[in-house]
Amino acid sequence: MVSSILRVLHIEEGDNVVNALSPLEPGQIVEVEGLRVIVRSHIPIGHKMSIKNIPKGNPVVKYGEIIGYASIDIQIGDHVHIENVEDPISKWKDQYLLLSVGETDG
Amino acid sequence: MRFEGYPRNDGEVGVRNHVLFLSTVVCSNGIVHQIGCEFPDVVALEHTKGCIELADDREITRKMLIGLAINPNVGAVIFVGLGCEATTAEYLFRELEGKKPIAHITIQKEGGTSKSLAKCRRLAREFLEKTRRQKREPFTVDKLVIATKCGGTDWTSGIISNPSVGFISDRIVQGGGTSLLGETVGWFGAERLLMKRARTDQIRLDILKILHNRYAEAERRGRRIEDANPSPGNRAGGISTLVEKALGNIRKGGTSVIEGVLGIAEHPPHSGFWLMDNPGIDPASVAGMAAAGAQIILFTTGRGTPTGSPICPVIKICASPEVAKVMAENIDIDLSDIVIQGTSLVNGANRIEMFIEQVASGRLTQSELLGHREFVMPEIRTL
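If you read the protein sequences in the order shown, they are chains P and B. According to this note's numbering, the first sequence is numbered sequentially starting from 258. According to this note's numbering, the second sequence is numbered sequentially starting from 9.
If you're looking for bench data, these hints aren't it; they were derived computationally from the structure. Treat the hints with care, as some may be off.
[Said to hold, decoys possible] DMTMM-like, lysine to aspartate or glutamate: derived pairs with alpha carbons at most 20 Å apart: (1) B:K143 to B:D235; (2) P:K350 to B:E103; (3) P:K350 to B:D235; (4) P:K309 to P:E269; (5) B:K123 to B:E199; (6) P:K348 to B:E199; (7) P:K350 to B:E20; (8) P:K348 to B:D235; (9) P:K348 to B:E12; (10) B:K108 to B:E98; (11) P:K350 to B:E98; (12) P:K350 to B:E225; (13) P:K348 to B:E225; (14) B:K138 to B:E20; (15) B:K217 to P:D351; (16) B:K204 to P:E282.
[As the list claims (entries may be wrong)] Looking from chain P toward chain B, a few residues come up when the C-beta cut is under 10 Å (computed): (17) N276; (18) V287; (19) H304; (20) K305; (21) N315; (22) K319; (23) D344; (24) I346.
Positions of the beta carbon are idealized from the N, C-alpha and C atoms, including for glycine.
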């Protein structure tokens, strides 16, 4: 949860991103659950930083859930945002479109 | 949770005692607007619907007009119609007669603007006097119906404001009250978590169905919902995908069992936690909740928004340190200390609970004090 220096928020144990609780700059070191992460890019307050390497196509996990897939290789300490995360909805759309027309009536 | 409200004939309780002038059709807006200018103490509600509409939209308009009128915050209602619309002022009067002080005017029957205005003025004076004489009485949380909404979402919404509101939603439900969560588009990618909480398999299917309908409609138009949502402001605030937004969004709804999925303006048949299939756009979403009988809207924001409601007090909750300062006059509850000092979410929730008690007993919210009464009549739409 909130680390003692209040700089990042790691919401669930399995999350591979954290939220910056203050702006982070390249070269700064952040400790997350005993892991030392070197910040690689400017991260505005509240934005996400990777605490694991996330190869292209792999899930980005926050709240313990998949929030998207890496659209390029993401390295530990990177700013994780729209430039490198793809929305997963289009991949999952089948589950919304699976129902036959009859079932959607009413 | 205790509060002092206005008892209604049907057993519901108002936290406000509005005299509502309600256009039944866009063509009545001129008269309703004029009355609103002349009598600042009435709520003059204009909208763009009521004239020729497809059957499903027409039905939403009809349910909305009825729902707004019977909202317990409305102490008296005057329907102002033109005369050629589908849902007439006279029909609404007959439907709701006896439920509360109610009147109707039809401009074509009345004989035009001046005669309609004269009758409206007389009714405004009469109903304002009637509602002013009513006194508040003590009630408990089982008489509360709250709706939760987020608008101008940023990274603080899903982490701080929404989970704090989620605690309150659960407390209200545990106390025998009712909590509504809407904004269907804000569930995409979080539906599995909602379905787990559904009381029955049918409700699980209902959740999938409404998401299916929205996604299929966008596809039919060759569009993708996730291209439009999150908004540029959400993205600037650190939200990367619609799924990330949705996972934060549904935390407003706490952990209570889902009793069912309601349509726009549909009153929950009994207390508990309910989903509502309604738009995400703030004033339309809040309007749908008001027409479903919500007395108070708990509205979280990260980017900051002034929006209010003509029917319900809107309690604005913000955890963004910057926005809580810059837009302080639009924020009722500042939770930014949770970000800055690490104050607990439960502490935040307790402050929201105290504020609800005060607002339910008459304390005005910032949106009320600043005169915000944004309103959009919901219609069939994707977003």
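Evaluation of the provided hints:
no. : hint             : in the structure
1   : B:K143 to B:D235 : 50 Å, violated
2   : P:K350 to B:E103 : 42 Å, violated
3   : P:K350 to B:D235 : 14 Å, holds
4   : P:K309 to P:E269 : 14 Å, holds
5   : B:K123 to B:E199 : 53 Å, violated
6   : P:K348 to B:E199 : 15 Å, holds
7   : P:K350 to B:E20  : 41 Å, violated
8   : P:K348 to B:D235 : 14 Å, holds
9   : P:K348 to B:E12  : 50 Å, violated
10  : B:K108 to B:E98  : 15 Å, holds
11  : P:K350 to B:E98  : 46 Å, violated
12  : P:K350 to B:E225 : 12 Å, holds
13  : P:K348 to B:E225 : 17 Å, holds
14  : B:K138 to B:E20  : 19 Å, holds
15  : B:K217 to P:D351 : 13 Å, holds
16  : B:K204 to P:E282 : 40 Å, violated
17  : N276             : 6 Å, holds
18  : V287             : 16 Å, violated
19  : H304             : 4 Å, holds
20  : K305             : 7 Å, holds
21  : N315             : 15 Å, violated
22  : K319             : 6 Å, holds
23  : D344             : 4 Å, holds
24  : I346             : 4 Å, holds
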